[in-house]
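Given chain A, work out where chain B should sit, using these hints.
There are 2 protein chains.
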Amino acid sequence: MANPTAAMLVIGDEILSGRTRDANMYYLAGELTKHGIDLKEVRVVSDDADAIVLAVRQLSDAYDNVFTSGGIGPTHDDITADCIAQAFGAHLDVRDDARAILEKHYATTGLELNEARLRMARIPDGADLIENPVSSAPGFTLRNVHVMAGVPSVFQAMVASVLPTLSGGDPVLSQTLRVMRGEGEIAGTLSALAATFSDLSIGCYPFQKDGAFGANVVVRGTDGARVDAAMTQLARELEL
Amino acid sequence: MANPTAAMLVIGDEILSGRTRDANMYYLAGELTKHGIDLKEVRVVSDDADAIVLAVRQLSDAYDNVFTSGGIGPTHDDITADCIAQAFGAHLDVRDDARAILEKHYATTGLELNEARLRMARIPDGADLIENPVSSAPGFTLRNVHVMAGVPSVFQAMVASVLPTLSGGDPVLSQTLRVMRGEGEIAGTLSALAATFSDLSIGCYPFQKDGAFGANVVVRGTDGARVDAAMTQLARELEL
Numbered sequence: 096m097a098n099p100t101a102a103m104l105v106i107g108d109e110i111l112s113g114r115t116r117d118a119n120m121y122y123l124a125g126e127l128t129k130h131g132i133d134l135k136e137v138r139v140v141s142d143d144a145d146a147i148v149l150a151v152r153q154l155s156d157a158y159d160n161v162f163t164s165g166g167i168g169p170t171h172d173d174i175t176a177d178c179i180a181q182a183f184g185a186h187l188d189v190r191d192d193a194r195a196i197l198e199k200h201y202a203t204t205g206l207e208l209n210e211a212r213l214r215m216a217r218i219p220d221g222a223d224l225i226e227n228p229v230s231s232a233p234g235f236t237l238r239n240v241h242v243m244a245g246v247p248s249v250f251q252a253m254v255a256s257v258l259p260t261l262s263g264g265d266p267v268l269s270q271t272l273r274v275m276r277g278e279g280e281i282a283g284t285l286s287a288l289a290a291t292f293s294d295l296s297i298g299c300y301p302f303q304k305d306g307a308f309g310a311n312v313v314v315r316g317t318d319g320a321r322v323d324a325a326m327t328q329l330a331r332e333l334e335l
Numbered sequence: 096m097a098n099p100t101a102a103m104l105v106i107g108d109e110i111l112s113g114r115t116r117d118a119n120m121y122y123l124a125g126e127l128t129k130h131g132i133d134l135k136e137v138r139v140v141s142d143d144a145d146a147i148v149l150a151v152r153q154l155s156d157a158y159d160n161v162f163t164s165g166g167i168g169p170t171h172d173d174i175t176a177d178c179i180a181q182a183f184g185a186h187l188d189v190r191d192d193a194r195a196i197l198e199k200h201y202a203t204t205g206l207e208l209n210e211a212r213l214r215m216a217r218i219p220d221g222a223d224l225i226e227n228p229v230s231s232a233p234g235f236t237l238r239n240v241h242v243m244a245g246v247p248s249v250f251q252a253m254v255a256s257v258l259p260t261l262s263g264g265d266p267v268l269s270q271t272l273r274v275m276r277g278e279g280e281i282a283g284t285l286s287a288l289a290a291t292f293s294d295l296s297i298g299c300y301p302f303q304k305d306g307a308f309g310a311n312v313v314v315r316g317t318d319g320a321r322v323d324a325a326m327t328q329l330a331r332e333l334e335l
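Note that the protein sequences, when read in sequence, are chains A and B.
Taking our numbering, the leading residue of the first sequence gets 96, the next gets one more, and so forth.
Taking our numbering, the leading residue of the second sequence gets 96, the next gets one more, and so forth.
Calculated from the structure, these hints are not laboratory results.
Be careful, since some hints might not be right.
If chains are identical, the list can't say which one is meant, so a pair holds when it fits in one copy or spans any two.
Heads up, simulated DMTMM-like pairs for lysine to aspartate or glutamate below, C-alpha to C-alpha not over 25 Å straight-line [unchecked claim]: (1) 304 to 143; (2) 199 to 223; (3) 199 to 305; (4) 304 to 334.
Extracted from the complex, chain A is given alone in its bound form (with noise of 0.2 Å):
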């Protein structure tokens, strides 16, 4: 059986207009794959309602569980509980629940929960409260879609929360061959062992090091004694 598949939707001009690195897209992609879940695609959307409703509905139709990140605190420019909300006709409000955990956790820094810090008790009616163990304003579940801080530190934290509860498939194993030819040398071999093993995905990557031409060849699939035999025939025909 096929494996789940899951997008992810990074929500945020800081990411388009190049004053930040994502660091997220590339920590979700590693656990996803450890998970069993198929990352299809990502998207980067800017801080722009129809952009985000556009995209959380294409994607959420298109695969099983959808993850955004980014959005979500107290600020003006927050606007990603909204525009979840807008995307699947949901009401959204300050919930007393989310507002519960604020509380708390505002009671204990002895900072005021003012009228900004609240808007990060709206929560879509129906949603589950994803727990956020870092900074405590939760992130939530509204159908398949995963809803998480764009900070890299509370979004894998989150993560964490949600994987657990999601369906898994088959762990993706994957084998590298390092190389040391171009790979317009090797492309012939590779071709031949795509076609023999088309239950698996060959990949390969060329790199430049010191002036040589070489390249990383991954072998993955989730049948390990598959991947090893064309690891294996792979070796002896580029006589390694």
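Coordinates of chain B only, in the frame set by chain A:
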């Protein structure tokens, strides 16, 4: 007048599996901002023809420019040229101008221009070549889609070849104020500032350092005097 818009399409299983951390998005975002082109959306898709063709069509329709990264090498998993041709109904075959570039390059290196390498001379009819000063195999521009390599050094060189040929707008200027208070403290001030300076983009990016909460407030716009005015007002209101 509004600046020209752009989207980026990153093609490659290696990004979505978490094996490779994408470097090209961050680079392109910065270069486009300097050139006055607004990067509005990024998509990452796997080495899947249907997914690539669909994304190319949607992004080409929606934005002034599309930049793709990855999938134009000599191996079986390099299917980007085929997909671009398919997306626009263009004929694809080895083209004499591209073949001449490869012949010259491989004559110098003493390597054979074999069948796999000749794949890199497959260019859709009607496309303009993009120069590749790093490893010679060209990219190409078909309509408003600029097709470039995934290897960062080659991608960057191709961006440098293409950007001067594109109409730019006003470069977006930005100023950042680092505030050692939580987002929730300053959210009200920022919201009022955003209403006053509705021609600017005002973003707030929280961080934690040594257990304390802080935020970078970034004001962006094409009019330097307005950006200055907003920053001055912000600093005064926050009593910095």
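Hints, verified against the model:
1. When the C-alpha separation of residue 304 and residue 143 is checked against a cutoff of 25 Å, the pair qualifies neither within a copy, at 42 Å, nor between copies, at 29 Å.
2. Taking the shortest Cα distances, residue 199 and residue 223 sit within 25 Å of each other inside one copy (19 Å), while across copies they are farther apart (61 Å).
3. Taking the closest pair of Cα atoms, residue 199 and residue 305 come within 25 Å of each other only across two copies (22 Å); inside a single copy the shortest separation is 57 Å, beyond that limit.
4. Taking the shortest alpha-carbon separations for residue 304 and residue 334, only the intra-copy value of 21 Å comes in at or below 25 Å, while the best inter-copy value is 52 Å.
The structure is inconsistent with hint 1 alone, although it conforms to all the rest.
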